[in-house]
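Modelling step: build the complete structure from the supplied sequences, incorporating the hints.
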Amino acid sequence: MESSDFFSVNHQVVDLKTPDGLKKYHYVDQLPEGYKPRDLKAYTPKTISNDLIALLDHLDISKVVVVAHDWGAAIAWRFCAWFPERVIGLVAASVTYRPPAERYLTPKEIGAAVPNFGYMEYFASDEAVEEIESRLFKFFNLLYQSSTSPISSQMDIHTWTLPGNLQKVLKGE
145 MESSDFFSVN HQVVDLKTPD GLKKYHYVDQ LPEGYKPRDL KAYTPKTISN DLIALLDHLD
205 ISKVVVVAHD WGAAIAWRFC AWFPERVIGL VAASVTYRPP AERYLTPKEI GAAVPNFGYM
265 EYFASDEAVE EIESRLFKFF NLLYQSSTSP ISSQMDIHTW TLPGNLQKVL KGE
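In terms of this note's numbering, the sequence shown opens at residue 145 and continues consecutively.
Simulated from the structure, these hints should not be mistaken for lab results. Since no wrong hints were added, every one of them can be taken at face value.
Mimicking DSS-like on lysine-lysine, the simulated pairs with C-alpha atoms at most 27 Å apart in a straight line are:
| hint | residue 1 | residue 2 |
| --- | --- | --- |
| 1 | Lys282 | Lys312 |
| 2 | Lys282 | Lys252 |
| 3 | Lys207 | Lys190 |
All of these numbers come straight from a predicted model, not from anything done at the bench.
Okay, here's the thing in structure tokens:
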């Protein structure tokens, strides 16, 4: 992580009264929309965990309680495994611990093994960013639709995550 990346970090210090006196607590959001590694191949759990350590060192924070959700929870589990001396506790919402795979699984292999993760192959494709950004309103309506949404008539609310379906919905196929 380069020093300029630290400016995209949301860091707040809060004083809280505890039974044994006033204590300072830090809130650090390391993955706001401005965080992107220079090389996308470096966007791995280990690289992100190392970036978190660099950030904690920069902020002079020795131990943390990690709070994470969804894809961030998968990173948090790895961070805690690699740097247990820096962790007081972990709150991981919606993603339980999974041991590391014996080998790297491609997004296509993940979608084949767990069809509801089929959208991951599309997210990893070269065309996904442009196609999603050019249909951003439709994409967000799909993510946050209700059963009465106009988009739900194109595809069942629970099937857009299957392999190939997200791009079909976005393109109106």
